[in-house]
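Here are the chains, one letter per residue:
There are 2 protein chains.
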Amino acid sequence: MTAVWQLPQIKEALSSIDTIAAMERAFQAYSEGRAIVPPVGELLFENPPGDAHIKYGYIRGDDAFVIKIATGFYDNPKKSLPPNSGILVVFSAANGFPSAVLLDEGYLTNARTAAAGAVAAKYLAPAKINCIGICGTGMQARLQLQYLKPVTACRNVMVWGRSSESRERYAREMEAEGFNVQCVASPRTMGKSCELIVTTTLASSPYIEGLYIQPGTHVTAMGSDTPTKNELRPDVLGMADVVVADSRAQCAERGEIHHALAANEIEVGDVVELGEIIGGTAPGRSSGEQVTVCDLTGVAVQDIEISKAVLAHLQR
Amino acid sequence: MTAVWQLPQIKEALSSIDTIAAMERAFQAYSEGRAIVPPVGELLFENPPGDAHIKYGYIRGDDAFVIKIATGFYDNPKKSLPPNSGILVVFSAANGFPSAVLLDEGYLTNARTAAAGAVAAKYLAPAKINCIGICGTGMQARLQLQYLKPVTACRNVMVWGRSSESRERYAREMEAEGFNVQCVASPRTMGKSCELIVTTTLASSPYIEGLYIQPGTHVTAMGSDTPTKNELRPDVLGMADVVVADSRAQCAERGEIHHALAANEIEVGDVVELGEIIGGTAPGRSSGEQVTVCDLTGVAVQDIEISKAVLAHLQR
Chain A
640 MTAVWQLPQI KEALSSIDTI AAMERAFQAY SEGRAIVPPV GELLFENPPG DAHIKYGYIR
700 GDDAFVIKIA TGFYDNPKKS LPPNSGILVV FSAANGFPSA VLLDEGYLTN ARTAAAGAVA
760 AKYLAPAKIN CIGICGTGMQ ARLQLQYLKP VTACRNVMVW GRSSESRERY AREMEAEGFN
820 VQCVASPRTM GKSCELIVTT TLASSPYIEG LYIQPGTHVT AMGSDTPTKN ELRPDVLGMA
880 DVVVADSRAQ CAERGEIHHA LAANEIEVGD VVELGEIIGG TAPGRSSGEQ VTVCDLTGVA
940 VQDIEISKAV LAHLQR
Chain B
640 MTAVWQLPQI KEALSSIDTI AAMERAFQAY SEGRAIVPPV GELLFENPPG DAHIKYGYIR
700 GDDAFVIKIA TGFYDNPKKS LPPNSGILVV FSAANGFPSA VLLDEGYLTN ARTAAAGAVA
760 AKYLAPAKIN CIGICGTGMQ ARLQLQYLKP VTACRNVMVW GRSSESRERY AREMEAEGFN
820 VQCVASPRTM GKSCELIVTT TLASSPYIEG LYIQPGTHVT AMGSDTPTKN ELRPDVLGMA
880 DVVVADSRAQ CAERGEIHHA LAANEIEVGD VVELGEIIGG TAPGRSSGEQ VTVCDLTGVA
940 VQDIEISKAV LAHLQR
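Residue numbers (our numbering), protein chains in the order written: chain A, 640 to 955; chain B, 640 to 955.
These are computed hints drawn from the structure, not numbers from a lab. One or more of the hints may lead you astray.
If several chains are the same, the list does not tell them apart, and a pair holds so long as it fits within one copy or across any two.
What the hints assert, rightly or not - Here are the computed lysine to aspartate or glutamate pairs in the DMTMM-like style, where the Cα-Cα straight-line distance is at most 20 Å:
#1 K868 x D690
#2 K718 x D702
#3 K717 x D702
#4 K650 x E744
Generate the whole structure from the sequences, applying the supplied hints.
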């Protein structure tokens with residue numbers, strides 16, 4: 640029988656497991672070549688505009704494989720519906736039968752994306768953080784901050800987003816979560832004060848420039864997962880001492896790194912993978928003065944590991 | 640809320656809908672360019688050996704899109720488990736939410752494949768059939784015959800398969816379904832007596848040769864859906880007056896047609912699509928003496944249309 644799990648059960652499981660550790664395992668398995676993750680499947684829709692992405696695969700030796708479908712329909716908020724949804728199906732690698740359906744409504748994708756941001760900060764941010772800069776005021780802007788709690792003691796936040804209303808709503812909500820939040824009108828302000836900057840927007844032209852960034856800053860860019868979206872001007876990556884990808888192959892085509900490659904600000908040989916740093920086969924930050932950048936585009940191995948961890952809890 | 644449907648409900652729905660008409664709509668939509676069906680996603684497993692295929696897409700203007708996962712784990716019968724399983728997920732094209740999960744255990748794939756065989760026979764077999772030849776004795780050998788019932792009055796069957804035990808078991812079961820079944824030790828025998836031959840095996844080297852085939856025969860080859868599986872020697876396609884594909888593009892890479900193309904027995908311009916014949920834009924059989932061949936490799940549009948038809952019944 641295929642077990643079917645609903646969102647409240649999935650959220651309860653998430654609150655009981657170590658999602659950050661699951662993402663560490665995911666990135667390390669990926670960089671060690673132990674993950675089989677074919678290219679992402681994609682469906683595009685015009686009216687209403689939307690997309691569906693299929694990420695799937697398995698880790699060699701595992702007893703399960705996972706197929707995740709995540710959708711984004713960007714007119715949904717006009718109808719008071721969330722833009723993202725989805726479903727995960729976990730199969731037995733012993734017989735091919737579907738063992739579990741996770742009706743997660745896209746939540747596991749949000750959670751694993753936020754947890755990946757925490758992993759990037761854990762390995763790359765400087766030891767002392769006085770202020771966290773968050774670009775964007777949406778779901779990921781909220782979740783990234785929540786998932787950073789276990790990896791830094793800093794509770795001071797600057798937030799920048801397109802409208803003052805959204806910034807102020809974000810500030811109120813995050814203050815209720817125990818942060819001190821200052822709204823700023825430009826990402827430039829944030830560069831002067833924040834040692835950790837997380838970009839979470841859907842921007843299609845870059846809004847963070849190299850001259851904004853001080854020595855000793857780490858930037859995690861997780862907003863762009865397509866060839867066209869772009870948050871960091873290529874010179875930000877050009878000035879960085881360490882440029883990190885979740886997947887070197889995928890970041891050569893999507894996210895921030897491919898823009899910097901095209902602009903000749905970096906070479907592909909300069910890019911290390913987060914899983915290599917976790918596994919100790921590549922250096923991460925080696926001094927408090929370095930600038931580090933991590934480009935997160937999302938890989939199926941994250942969906943695999945978070946599903947396994949959630950299911951292990953649900954089926955305990 | 641996502642509705643979750645189990646196999647008994649799905650089977651009941653299938654018995655109430657016109658699956659053959661759904662497949663006619665599917666092939667016509669495909670050949671008219673109204674279907675968006677990206678390349679098939681694939682996962683391969685070594686130990687135990689198995690595969691998972693992801694077929695997905697939608698028909699322009701529909702309010703739904705469909706993602707189907709079908710698995711084949713070929714050691715399962717050693718464990719007294721069926722080799723095939725799977726799941727279908729239907730999404731709203733209005734907002735991207737998953738509207739239904741069909742826990743079909745691979746049954747809808749079997750049903751739509753059998754219904755496609757019936758469509759091929761309906762449009763391509765000669766008017767008078769004295770005997771149906773079935774190659775193979777597995778699940779599809781059974782279903783193909785059952786789905787042929789509405790499209791031909793013929794109930795005389797010859798069956799060929801690797802072992803005499805499996806042929807005799809098949810004969811007993813199909814006689815219980817109202818057929819007169821003769822077991823034969825060679826597909827050559829079948830060529831002399833059968834105006835409609837359906838090949839359903841997993842053969843990797845061809846076992847039907849041109850010299851077996853009499854004028855006025857239609858052959859539907861549905862066993863091969865990969866680049867390597869092969870049931871018909873290329874000369875069977877070379878001698879055919881009409882060579883038909885479910886998908887010209889897919890059959891150029893998988894199934895029977897690509898072997899005949901490689902052997903220079905046919906040219907891609909000779910191949911017509913089943914949906915073109917259904918839609919009246921390509922001729923099918925034009926005389927009782929012609930030899931016709933239809934290569935079915937399975938396209939996502941079949942999964943889309945059968946899911947829509949089943950769901951319309953379940954949600955009535």
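Evaluated hints:
With identical chains, the CA atoms of K868 and D690 are at most 20 Å apart within one copy only, with a shortest distance of 15 Å there and 34 Å across copies. For the homomeric pair K718 and D702, the shortest alpha-carbon distance between copies (16 Å) is at most 20 Å, but the shortest distance inside one copy (41 Å) is not. In this homomeric assembly, K717 and D702 come within 20 Å of each other (Cα to Cα) only across copies, at 18 Å, whereas the closest approach inside a single copy is 42 Å. With identical chains, the CA atoms of K650 and E744 are at most 20 Å apart within one copy only, with a shortest distance of 11 Å there and 28 Å across copies.
Hint violations for this structure: none, all hints satisfied.
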